[in-house]
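Residue numbers (the working numbering), protein chains in the order written: chain A, 1 to 272; chain B, 1 to 284; chain C, 1 to 292.
For the record, the hints were derived by calculation from the structure and aren't laboratory data. There's no promise every hint is true.
[Said to hold, decoys possible] Straight line, CA to CA, 20 Å or less: simulated DMTMM-like cross-link-like pairs of lysine to aspartate or glutamate: (1) B:Lys175 <-> A:Glu143; (2) B:Lys7 <-> C:Glu188; (3) A:Lys120 <-> A:Glu97; (4) C:Lys6 <-> A:Glu143; (5) C:Lys11 <-> B:Glu8; (6) A:Lys82 <-> B:Asp2; (7) B:Lys126 <-> C:Glu188; (8) B:Lys16 <-> C:Glu257; (9) C:Lys6 <-> A:Glu188; (10) A:Lys50 <-> A:Asp164; (11) B:Lys126 <-> C:Glu257; (12) B:Lys175 <-> C:Glu7; (13) C:Lys11 <-> B:Glu166; (14) B:Lys93 <-> A:Asp30; (15) B:Lys181 <-> A:Asp164; (16) C:Lys34 <-> C:Glu257; (17) B:Lys181 <-> C:Asp166; (18) C:Lys6 <-> A:Asp164.
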Amino acid sequence: MVKLVHSPYPSGHRQSIVHNETNIRISIRDLNIWYASARAVKDVSLDIEKNKVTAIIGPSGCGKSTLIRAVNRMNDIIPGVKVKGEILLDGKNIYDEDIDVVTIRKMVGMVFQRSNPFPKSIFENVAYGLKINGFPGKKKLAERIEQSLKDAALWDEVKDRLGDSALDLSGGQQQRLCIARALAVEPEVVLFDEPCSALDPVATARIEELIQELKEKYTIVIVTHNMQQAARISDFCTFLMLGELIEFDKTDKIFTTPSKKVTEDYITGRFG
Amino acid sequence: MDIRKTKEFIGFGVLKSAAVIVLLALFAILYFVAARGIKVINWEFLTQMPRSGMTAGGILPAILGTFYLTICAICFALPLGVAAAIYLTEYAKQGRLVRIIRIGINNLAGVPSVVFGLFGLAVFVKFCGFGISILSGGLTLGILILPTIIRASEEALMVVPRSFREASLALGATKWQTISKVVLPNAVSGMLTGSILGIGRAAGETAPILFTAVTFYSARLPRSVFSEVQALPYHIYALMTEGTHPEAQIPIAYGAALVLVSLVLGIDLIAIIIRNRFRRRKKW
Amino acid sequence: MKRARKENLIKRLFCLFSLFSIVFLLGIVIVLFKEGLPIFKVTSFGKFFFGKFWYPTYEPPDFGILPLLLGSLWVTAGALIIAVPLGVASAVYISEVAHPKIKGLIKPAIELLAGVPSVVYGFFGMVVVAPLVQKFFGLPVGLNALTASILLGVMAIPTITSISEDAISSVPKSFKEASYALGANRWETTVKVTVPSAAGGISTAIILGMGRAIGETMTVLMVAGGAAVIPRSFFQPVRTMTATIAAEMGETVVGSEHFHALFAIALVLFVLTLSLNIGADVLTQKFRKRLR
C-alpha cells in the first residue's frame with residue numbers, strides 16, 4: 001500500500017513523501033543536536049524505509065555525519081553533545097531512558113569514513129563483535145565469519161590468509177573488512193558514513209556494488225558528499241544544509257525535478 | 001650586513017657550546033665512575049657478601065636489596081597508576097573532579113624525595129607497624145613513582161586512535177569490553193616504557209628509603225618483606241660518609257656506583273629505545 | 001540493565017583508584033602537620049623561623065631554622081645561576097639550531113642526565129668536583145656551597161631544558177615565518193620572536209628546575225659541607241633543610257622535640273615546593289591561553 005505521509009511538524013520542515021508505511025524502519029522525529037552551544041542539526045524529521053538505501057547529501061559541515069551518528073548513538077561518546085527529539089527504531093525511541101545503548105549499537109551497525117580495522121588478524125577483526133557477545137562454538141564462529149566475508153565480497157581475496165594482519169590489506173579491502181565486521185553481528189540497519197571518501201575509483205565502485213547487494217538483507221543509510229554516488233546507489237535521498245533538512249524524496253525525483261531551488265543549485269554544482 | 005651575520009654566527013656558537021657543556025657534564029660523570037669503578041668490579045664483587053667491616057668483599061646484599069625494593073615499588077605503583085590513567089583518559093569527563101585529581105598528580109610529582117621518606121616513616125614504619133623493611137621502603141618508593149607511571153600510561157592510552165574505540169563501540173561492545181579488548185592491548189608497550197622509567201627512578205632513590213628500609217650492614221640476606229635490607233644507593237652514601245677506612249672503602253663505592261649507574265641508566269636507555277622504536281613503528 | 005550496572009561498577013572502581021594520588025598527597029600533608037606542629041609547643045613561630053641557631057641536641061635545644069632555610073635558598077640560587085643559562089641555551093640549541101640527527105642524540109643524553117641517581121652526583125661531587133674546587137680557589141675544604149651549587153645546577157638542567165624545549169618548539173611556525181618574511185635572519189628571529197614567545201613556558205621550566213634543586217637531598221647532604229650557619233659566601237660550608245632531615249632523622253627518638261622539629265622543617269619544605277609547583281601550573285595555564 002502506498003500512501004502520502006505528512007510530517008506532524010508545522011512550517012519549514014514539512015516533508016511529504018511516498019512511503020510504504022508498513023515498511024518504515026527508522027523514524028526521525030524533530031531531531032535537534034547541539035555541539036557545546038552550536039546547533040548542528042535543526043528540527044530534522046524523516047522516515048527511513050526497510051531494505052532501501054537512503055542517502056544523506058549536502059555541503060561539508062551541514063550536519064550529515066552528526067545526523068547519521070545519532071542513529072546508533074555514536075554521538076554519545078563526544079563530550080558536550082546534546083540531543084533532543086526522537087529516533088524511533090521499529091517504533092521504539094532509542095533515546096528513551098530505559099534503552100541500553102549497547103543493544104542499539106548491535107542492531108545498528110556502522111562503517112566509518114576511514115577504514116578502521118583493529119591491528120589484529122583478518123579473522124580476529126570479524127570475530128571481535130561476535131566474541132564480545134559470547135558467541136558459542138568455534139566451528140559456528142568460523143562459519144559466520146566466512147559468511148560475513150562473503151557478504152562483504154572479500155572472502156575470495158582473503159580466504160587463504162585469514163591469519164594475516166588486517167593492516168596489510170589495501171584501503172578498499174580494509175573498508176570491506178570493516179563492512180564484514182559490521183555484518184557479522186547481524187544488525188538490522190547499517191550506517192555508512194562517507195565510506196568511500198578515502199578510496200580510489202575502482203575500490204569505490206566495488207563498495208557501491210556491494211551496498212546495492214546488501215539492501216536485500218539490510219536497511220541502509222549512507223552519508224556521502226559525492227552526488228553521483230547518491231544518484232547511483234540510493235532509493236531515497238535527503239538534502240541537508242546548515243543542519244536543516246531542505247528536501248527529502250525519492251532519489252530520481254531529487255535528481256531530476258527537485259522541488260526546491262537550493263537543492264537544484266547544489267545538485268547542479270553551483271555551490272558546495 | 002656583515003655585522004648581522006657575525007652576530008648570528010657568534011650567537012649560535014654560544015648556544016652550541018652550552019649544549020656541549022651539558023653533554024660534557026654527563027660524560028664526565030659517566031667516565032669517572034666507569035674508569036675507576038671497572039677496576040674493582042669482578043664476579044666476586046657482584047656475588048659476595050661484604051667482609052672485614054665493609055672494607056673488603058662484595059656488594060651482593062646491596063644489589064639484591066635494591067632489586068627487592070624496586071620490585072615491591074612497581075608491584076604497588078603499576079596497578080594503581082594504570083588504573084588511574086584508564087579512569088582519566090577513558091572515563092572521566094572534564095570537570096572539577098578531574099582537575100583535582102590532576103592537581104594531586106602534578107603536586108605529588110613535585111614533593112621532595114626526603115618528604116616521601118618522612119611520610120613512609122610515619123605511616124608504613126610506625127603507623128602500619130611494618131618496621132624498617134622492604135615493604136615500608138617499597139611502598140614509599142611506589143608512591144614516589146606513581147605520577148611517572150600515571151603520566152606515561154596516560155600518554156600511551158591517548159595515542160590509541162579514537163577510531164578503534166568507535167569501531168568497537170559501534171559493534172555493540174560495552175565501554176569496558178572496548179577498553180580491555182581494544183584500547184589496552186594497543187597501549188601496553190607504551191605503558192611498559194613508563195613503568196620501566198619508574199623502575200629506573202625507584203632503583204636510584206636514596207632519601208625515601210633512608211628511614212624506611214635500609215641498613216648499612218646486615219650479616220644475612222633478607223628473608224621476607226619485613227626484613228631490613230642493604231641497598232645500592234644507600235651503600236654508596238654510607239661508604240663515603242660513615243666509613244672509618246676511606247682508602248679501602250672509596251674503591252668499593254666506585255664499584256657500587258658503577259653498578260648502580262649501569263643499572264639505572266641501562267634501564268632508562270632500554271625504555272628510551274623501546275619508546276622511540278614504538279613511536280616510529282606505529283602503523284595507524 | 002545488569003550490564004549497565006556492571007559497567008557503572010567498573011567505572012567507579014577506576015575512579016576510586018585514580019583518587020589515590022590525592023589521598024597520598026593529603027596523607028603527606030596530614031602527617032607533616034600532625035608530626036610537625038607539636039614543635040610549636042616548645043618554641044615560638046618567630047624563634048623557629050628566625051632563630052639563628054640550630055642546636056637540636058643541646059640542653060636546652062635551639063630550633064632556629066633560619067640558617068637551614070637560607071642554606072637551601074643559597075645553594076638553590078647558585079644552582080640556578082648555573083642551570084638557567086646552560087639549560088635554556090641548550091633548549092634553544094636543540095629546538096632551533098641542531099640538525100635532527102644531533103637532536104636525536106642530545107635529547108636522550110639529557111634524559112639520561114636526569115636519570116643519574118642523586119647519590120651518584122653526590123659521590124662524583126665528593127671525589128671529583130670538591131677537590132677541583134678546593135684546588136682552583138685555594139680553599140681549606142672543597143665541600144661547600146659552591147660545589148653543591150655546581151652539582152645541583154647540573155641536576156636541574158634536564159628539567160629546565162626539556163620543558164623549555166617543549167615550549168620553544170610549540171611556538172607557531174607562522175610567527176617565525178612572519179619574521180623571516182621581514183628580512184630577519186635565524187638568529188634575530190630566535191632572539192626577538194621565538195624565545196620571547198616561549199617566555200611563559202621557559203619561566204615554568206625555571207620554576208620547576210628550582211623546585212628540583214630545593215628539594216634535592218642526597219647530593220647536598222654529601223657535598224655542601226653541613227655547617228648549620230647563615231651563609232655569607234659561596235666558599236663556606238652550608239647545610240640545607242633537606243640535608244638536615246636526612247642526616248638527623250636516623251638519630252632522633254620518635255616523638256621527641258627534635259623529631260617534631262624535623263617534621264616541621266619538612267612541612268616548610270613541602271609548602272615551598274608546593275607553591276613553586278602551583279606557580280608553575282598557573283603560568284602554564286596562562287601561557288596556553290595566550291597562545292590560543
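The hints, checked one at a time:
no. : hint                  : result
1   : B:Lys175 <-> A:Glu143 : violated, 27 Å
2   : B:Lys7 <-> C:Glu188   : holds, 9 Å
3   : A:Lys120 <-> A:Glu97  : violated, 35 Å
4   : C:Lys6 <-> A:Glu143   : violated, 31 Å
5   : C:Lys11 <-> B:Glu8    : violated, 56 Å
6   : A:Lys82 <-> B:Asp2    : violated, 62 Å
7   : B:Lys126 <-> C:Glu188 : violated, 60 Å
8   : B:Lys16 <-> C:Glu257  : violated, 52 Å
9   : C:Lys6 <-> A:Glu188   : violated, 27 Å
10  : A:Lys50 <-> A:Asp164  : violated, 36 Å
11  : B:Lys126 <-> C:Glu257 : holds, 17 Å
12  : B:Lys175 <-> C:Glu7   : holds, 7 Å
13  : C:Lys11 <-> B:Glu166  : holds, 18 Å
14  : B:Lys93 <-> A:Asp30   : violated, 28 Å
15  : B:Lys181 <-> A:Asp164 : holds, 19 Å
16  : C:Lys34 <-> C:Glu257  : holds, 13 Å
17  : B:Lys181 <-> C:Asp166 : violated, 33 Å
18  : C:Lys6 <-> A:Asp164   : violated, 34 Å
The structure does not agree with the numbered hints 1, 3, 4, 5, 6, 7, 8, 9, 10, 14, 17, 18 stated previously, though it agrees with the rest.
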